[in-house]
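Asks: Okay, here's what each chain looks like letter by letter:
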Amino acid sequence: MVDLKRPIAELAAEVRSGKLTAVELVQASLDRIAATHEFHAVLETSPVALERAAEIDRLVAGGADMGPLAGIPFIAKDNFLTHNTHTTAASHILEPFQAPYQAVAIERLEAAGAIMVAKANLDAFAHGSSTENSDFGPTKNPANPDYVPGGSSGGSAAAVALGQACFAIGTDTGGSIRLPASFCGVVGLKPTYGLVPRTGVVAMASSTDVIGPLANSVGDAARILDVLAGADPSDSTSINREPDGYVVPASNVAGLKIGLISEYMGEGLDLGIKASVEAMVRQLEAAGATVEPASLPATELALAAYYVIVPAEVSSNLARYDGVKYGYSSPQATNLEETYRLSREEGFGAEAKRRILIGTYVLSSGYYDAYYKRAQKVRTKLIGEFNDAFAKYDILIGPTAPTPAFKLGANAQDPLAMYLNDVMTVAVNLVGVAAISIPLGAGNQDLPYGFQLIAPQRAERKLLGVSQTVEALIGDWRA
Amino acid sequence: MSKIDTAEVERIAKLARIGITHDEATAMAMELDQIVGFVEQLQDVDIKSVEPTDQVTGLVDVWREDTVKPSMDRELLLRNVPNRRDGYIVVKRVMNG
Chain Y
232 MVDLKRPIAE LAAEVRSGKL TAVELVQASL DRIAATHEFH AVLETSPVAL
282 ERAAEIDRLV AGGADMGPLA GIPFIAKDNF LTHNTHTTAA SHILEPFQAP
332 YQAVAIERLE AAGAIMVAKA NLDAFAHGSS TENSDFGPTK NPANPDYVPG
382 GSSGGSAAAV ALGQACFAIG TDTGGSIRLP ASFCGVVGLK PTYGLVPRTG
432 VVAMASSTDV IGPLANSVGD AARILDVLAG ADPSDSTSIN REPDGYVVPA
482 SNVAGLKIGL ISEYMGEGLD LGIKASVEAM VRQLEAAGAT VEPASLPATE
532 LALAAYYVIV PAEVSSNLAR YDGVKYGYSS PQATNLEETY RLSREEGFGA
582 EAKRRILIGT YVLSSGYYDA YYKRAQKVRT KLIGEFNDAF AKYDILIGPT
632 APTPAFKLGA NAQDPLAMYL NDVMTVAVNL VGVAAISIPL GAGNQDLPYG
682 FQLIAPQRAE RKLLGVSQTV EALIGDWRA
Chain W
172 MSKIDTAEVE RIAKLARIGI THDEATAMAM ELDQIVGFVE QLQDVDIKSV
222 EPTDQVTGLV DVWREDTVKP SMDRELLLRN VPNRRDGYIV VKRVMNG
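Those protein sequence lines, which keep their order, are chains Y and W. This note's numbering puts the first sequence at residues 232 to 710. This note's numbering puts the second sequence at residues 172 to 268.
These aren't lab readings, by the way, just hints derived from the structure by calculation. Heads up, some of the hints might be wrong.
Simulated crosslink set (EDC-like; lysine to aspartate or glutamate; CA at most 20 Å straight-line) [unchecked claim]:
1) Y/K604 <-> W/E222
2) Y/K604 <-> W/D225
3) W/K263 <-> Y/D600
4) Y/K604 <-> W/E211
5) W/K263 <-> Y/E576
6) W/K263 <-> Y/D466
7) Y/K612 <-> W/D244
8) W/K240 <-> Y/D463
9) W/K185 <-> Y/E576
10) W/K263 <-> Y/D553
11) Y/K693 <-> Y/E516
12) W/K174 <-> Y/E616
13) W/K219 <-> Y/E616
14) W/K240 <-> Y/E516
15) Y/K604 <-> W/D194
16) W/K185 <-> Y/E338
17) Y/K604 <-> W/D217
18) W/K240 <-> Y/D501
19) Y/K556 <-> W/D215
20) Y/K612 <-> W/D225
21) W/K185 <-> W/E211
22) W/K219 <-> Y/E516
23) W/K185 <-> Y/E577
24) Y/K612 <-> W/E202
25) Y/K556 <-> W/D257
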């Protein structure tokens, strides 16, 4: 049995040299998905994965170079448009949908030799922090099935933690890669806004949505980003990649100036997480870095601004689900107006409705200036605070979330309490900078938690270099 | 400052074209009022001389050449339409009567 948690670069090199076959890797992945299906990380497996693997093996045997991810099985969050499977965004309204084209991200991974084996569960339309908002039932935390995996890319994070594939891809609108990475004990990378083109991803909030990898190591995440990154003409918000790519060595942290975000270390932070972050700070200092408290005073305002801006964009983006062009259409409707009203009533889950309604409210006549425009001005203030911090520090650090995973159902009746899980992740999205969550330790019930590093826009090379050093300093986080 | 009651939820739901029962609207009103209450702190921020931000990487007016390219397969695009006939999308009547 192949160990899918081995470094991607090694596995791909063995596939390219013929020492290992893509079929063996994909079969190991499918077997592992079947053996751990009770965690409900995956919604659907690809019926063509093995076929594609056999084709790659044939081409390798014929002397072709199949790329840096040759034969590597991966899982895509089910808000990526893909051939050969449904694309549901874990919502009933898209349940029948089969995409007419593939996401650019999927095309790039396949061109690099990777093989999509399955689609991962998520909070419907990526609205949530626990994957409990999936219309098809929650994913369970691999460390303890009574706990949530985080969200919204909870299926992707759990799949990687369970070893169901070598990596997964997800989307991060306000923490949806980093939070589940933290809860499940995997690496989650949120690149600079625009670095990975979003064509073919179900839109949530277009001014903050980004695509990124969930992986077993920082090195793996870097290799995946290296394949995903770079502008595409089909997404006018996409930006150019760094000419030298993202596969970088671990960097020496001696002399590095690091800011520990004070607002993330205060009231409400789990004491075990606090102690681990403080221990990490001492290790970084011992390695020659300077660590000082850095203040981002608008942190709590960022969460308030986020929960105005994002629902506003959600309400616009979800207007397209009208029961006419694709997706669920209510059979009860007798006229066009009812087609809209009933299809959306019956097709959307509670959280999607909640966000559409808040978004419609804050954008409606008389409230636009008081909420949406004001939130966009707070966003400007927040950008100013990050700019000031990055004028002083190379990297900002802190926990990824205030707590480890919570129990299934613990926040289900309290939408606002659920939103507060995002307090340490949303600012990064509003500002568009790059961030990563690395497993730091585990506490009560062996539930993991993450360490967050934040770098300026387009500074992924620096972020990934430092993160590899941090990862080495952490060592075995389960110990 | 309590703002969102059942009637307000029903008004917004109508704008958003989402059917909602009176009981659902009442339950939703309490949740939305709590969320809007939380974002209310935005009202206390001094933002007089601050410009709003809606694009964070500084891109403006990204243009492309207006060239003819092959488009997607028509049948593939129409495959997901819930109700179609002779290559057209069928909708329910627009007016009652």
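Asks: Between the alpha carbons of W/K240 and Y/E516, is the straight-line distance 20 Å or under?
Replies: The hint is violated at about 56 Å.
Asks: Need the status of pair Y/K604, W/D217: alpha-carbon distance at most 20 Å?
Replies: Answer holds: Y/K604 to W/D217 is near 13 Å, not above 20 Å.
Asks: Are the Cα positions of Y/K612 and W/E202 separated by 20 Å at most?
Replies: Violated. Y/K612 to W/E202 sits at ~28 Å, over the 20 Å cutoff.
Asks: Can the restraint linking Y/K604 and W/E211 be considered satisfied, given a maximum Cα separation of 20 Å?
Replies: Roughly 13 Å separates the two Cα atoms, so the pair holds.
Asks: Measure nothing beyond the straight line between the CA atoms of W/K240 and Y/D501; if it is 20 Å or shorter, mark the hint as holding.
Replies: Violated, at roughly 55 Å.
Asks: Decide if the proposed pair is consistent with the structure: Y/K604 and W/D194, CA atoms, cutoff 20 Å inclusive.
Replies: Roughly 32 Å separates the two Cα atoms, so the pair is violated.
Asks: Are the Cα atoms of W/K240 and Y/D463 separated by 20 Å or less?
Replies: holds (15 Å)
Asks: Are the Cα positions of W/K263 and Y/D553 separated by 20 Å at most?
Replies: holds (12 Å)
Asks: Holds or violated: are the alpha carbons of W/K185 and Y/E576 at most 20 Å from each other?
Replies: holds (11 Å)
Asks: Could you grab the alpha-carbon distance between W/K219 and Y/E516 and see if it respects the 20 Å cut-off?
Replies: Violated, at roughly 41 Å.
Asks: Does the alpha-carbon distance linking Y/K604 and W/E222 stay inside the 20 Å limit?
Replies: It holds: about 9 Å lies between the C-alpha atoms, which stays within 20 Å.
Asks: When you check the alpha-carbon spacing of W/K185 and Y/E338, does it fall within 20 Å?
Replies: The hint is violated at about 39 Å.
Violation of the numbered hints given earlier is confined to hints 3, 6, 7, 12, 14, 15, 16, 18, 19, 21, 22, 24; the remaining hints are satisfied by the structure.
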